[in-house]
Amino acid sequence: MPRRRPLAGSLLPLFLALALPAGAAEHGDGGGDKKQKAPEHKITQSESYIMVDPIYTTIVSDNRAAGLLMVGMGLDIPDAALRADAARAMPVLRDAYVRNLMTFTANVVRTDSQPDVGVIATRLQGVTDRALKKKGARVLLAQVALRVTK
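According to my numbering, the sequence shown holds residues 7 to 156 in order.
What the hints contain is simulated information worked out from the structure, not anything from laboratory work.
Predicted model, so just to flag it, every value in this text is computed and none were measured.
Okay, the calculated beta carbon distance ranges per label pair:
id: 1; residue 1: ASP118; residue 2: PRO60; range: 16 to 24 Å
id: 2; residue 1: THR128; residue 2: ALA95; range: 15 to 23 Å
id: 3; residue 1: GLN42; residue 2: ASN69; range: 55 to 63 Å
id: 4; residue 1: LEU74; residue 2: GLN42; range: 38 to 46 Å
id: 5; residue 1: ALA148; residue 2: PRO84; range: 14 to 22 Å
id: 6; residue 1: VAL150; residue 2: ASP101; range: 14 to 22 Å
id: 7; residue 1: ASP85; residue 2: ALA148; range: 18 to 26 Å
id: 8; residue 1: ARG116; residue 2: GLY78; range: 16 to 24 Å
We put the CB at the ideal spot given by N, CA and C, even for glycine.
The whole structure should be built from the sequences, with the hints applied where relevant.
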């Protein structure tokens, strides 16, 4: 009985022959030595915007953790020199934000009502101005959310 070649084995050379030119066309820089730079992911088109990672603080009620306050924010800094200073000082800024929000959460935030977003923005703006020792950076709140645990 003659042995038959599997269909996948006979089509493999055909697929390889078709895939190689398609792959070369996909990367097609015409065989030049130019290397394409990968596109950079941007949060916004504005060059003056610096994103700050979300900040989480614990809401305490009856001497136990009752939830989390999450604040998502960014900084709008039109002045390039101040923006560079803020980028370098981001660990200091972030520490100041966390400390200030921990105090605010412990004293003001409750699980049965929404926190005052205006008060949070004003507090964070003051922290920013003190940490940078100069005005010119504007705090932009993206999100303020409560997560209540029961």
